[in-house]
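Protein chains: 2
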Amino acid sequence: MPKTAEAAAQTRPHERLAEALAGEMEAVNALIAERMASEHAPRIPEVSAHLIDAGGKRLRPMLVLAAARLCDYAGPFHLHLAATVEFIHTATLLHDDVVDESAQRRGRPTANLLWDNKSSVLVGDYLFARAFQLMVEPGNLRVLSILSNAAATIAEGEVLQLTAAQNLATDECVYLKIIRGKTAALFSAATEAGAVIAGAPDAVTQALFDYGDALGIAFQIVDDYLDYAGDAGATGKNVGDDFRERKLTLPVIKAVALADAEERAFWKRCIERGKQEEGDLETALSLLARHGTLEATRTEATRWADRAKAALAPLPESDMRSMLTDLADYVVARIR
Amino acid sequence: MPKTAEAAAQTRPHERLAEALAGEMEAVNALIAERMASEHAPRIPEVSAHLIDAGGKRLRPMLVLAAARLCDYAGPFHLHLAATVEFIHTATLLHDDVVDESAQRRGRPTANLLWDNKSSVLVGDYLFARAFQLMVEPGNLRVLSILSNAAATIAEGEVLQLTAAQNLATDECVYLKIIRGKTAALFSAATEAGAVIAGAPDAVTQALFDYGDALGIAFQIVDDYLDYAGDAGATGKNVGDDFRERKLTLPVIKAVALADAEERAFWKRCIERGKQEEGDLETALSLLARHGTLEATRTEATRWADRAKAALAPLPESDMRSMLTDLADYVVARIR
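Protein sequences, first through last, are from chains A and B. Quick note: to get the working numbering, add 147 to the position in the first sequence (first position is 1). Quick note: to get the working numbering, add 147 to the position in the second sequence (first position is 1).
The following block holds chain A by itself, in its conformation from the complex (with noise of 0.2 angstroms):
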């Protein structure tokens, strides 16, 4: 790992930029607060608490303000962007849990477990509405556009994976296309929309939009490592996770393209066809191993946070840059 990405992991930054912006964020949290409610439905404040109060890091609605900060807004509608990413990803993990049929997440048994998948789906249903709402406030045409757009963007991503992450014809190239809809759209979308929002030259606009896409491809990678590296207790989720719902994520793809004809056997009944058996998940780490893939997959996380450091290169230094420009490095330090 290079140094200074250890130091960071030292200080944590996303606890940096957390304190930085702690003021908006309480402002942020209240309105989350506020707009979860329903007069009519009191299984909707149940269900969205459940979830939001499990205490994500709030990453995606700190790179809003976090932009906003960078571009020197004076106004409160990022307060409303904001609230809006929080709830889109909200309403993508009700969704998601049902898709999986996870019982895990943050650490909580998931909505769908506690309730039912029909709650799950109609809340997630509510909070994406309800987040539709929120961007409409600040009756920003473009900000609409980018936060509607990334929507659609998300939801495309996760309709590819359902099709593709079982085949194993589906490639690094595939892949990319699939992280960058499921997970690096929302955050090129909060980091462009607090630029908009404030009204930032087009250069400045693309360089933050163009960190949100990096700094969000390098989470996605980094999360796929850790479901077959990573620590339980740390992640909050078992290892092996992807392979038993035989989703096919960048450590296996590389180990495919490398795979011997026994190999390439081995995968097939595995993800392809779903013929699991004891031993197995211990055989597909031994085959990553063999051909170093998480090693491969950690350098291509660390090549994806570098493209985002490297995209605010030519913003003007300050203390917001340099706490993103952090944040970049502490994704990849989740690896240890």
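Derived by calculation from the structure, the hints in this document are not laboratory data. Treat the hints with caution; some may be incorrect.
Derived CB-CB ranges, DEER-like [said to hold, decoys possible]:
(1) 296(A) / 219(B): 31 to 39 angstroms
(2) 378(A) / 196(B): 39 to 47 angstroms
(3) 196(B) / 391(A): 26 to 34 angstroms
(4) 196(B) / 314(A): 43 to 51 angstroms
Derived SDA-like pairs (lysine to any residue); straight-line CA-CA distance at most 25 angstroms [claimed, not checked]:
(5) 394(B) / 415(A)
(6) 324(A) / 192(B)
(7) 422(A) / 262(B)
(8) 394(A) / 193(B)
(9) 415(A) / 187(B)
Ideal Cβ placement from N, Cα and C applies to all residues, glycine included.
With chain A fixed as given, assemble chain B onto it according to the hints.
Okay, now just chain B, sitting in the frame of chain A:
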């Protein structure tokens, strides 16, 4: 049945409306086909087309076009708004069929049966996002707030139904809230948005909103009536679906209100506890007959259709106004 309703049923007013709006509806259908495509994920148009091409009545997009025509709109953007409401409606149907575990819709197997629940959830999300992209394009903030509010109200109505529909304490007031949310909100948003995009005066916009609201309520009451009294061939649904799904609707709510102790125990067992036996549907139908609640439900539907017509009465006479008036009669005339 009143004479006018009978006459209207014979001329099929929604077909007359469809004829009057044929050119614009063709443009709307082209826009729908274009926007339901996906460059990356072919599963999306497969699933969407299965439902959209099955040919619903396209009542909601026609209401947008009719309202815009009534207000002499000359621009192109009513087409986007018409496609928007059809996408929201289709997304809702995809999610409803997952929630209700339905096997049939519009006389065909449902998407969740042909593909899987995952595809229905995610393609529904995609169509929902596409709806928001479309509604942003006209650049009219008032229209955006009408349609995004409607989306939230729909989801809220669906969640309310989820928690209230199996509870015998649910009365006509809660029922009205549910159907106003899950059905009438999109009808009233359609007519209101058509008026607003045309720049209609407030009184006209309000009249068209009130018309859509009352029409949607009448429409849903008739749907709920037909679930007990309909002809499966004509409705494409089976008699008693709501009973089997333990969904309290107006005919049963009225019967519960009039039930003696033994009848109450019957409803409690079938709806609240879900312990249904052979012959229960027949018993349920005989209880509805004993208390005359199907007749009372029909009366209620007629009352809402009359309100819809009354809402239009202050507007100047025109071909379009008289077609909308006939449409209100037709909605109730589906009850024979």
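### Query
Going through the earlier hints one by one, which of them does the structure break, listed in rising order?
Numbers 4 and 5, in rising order.
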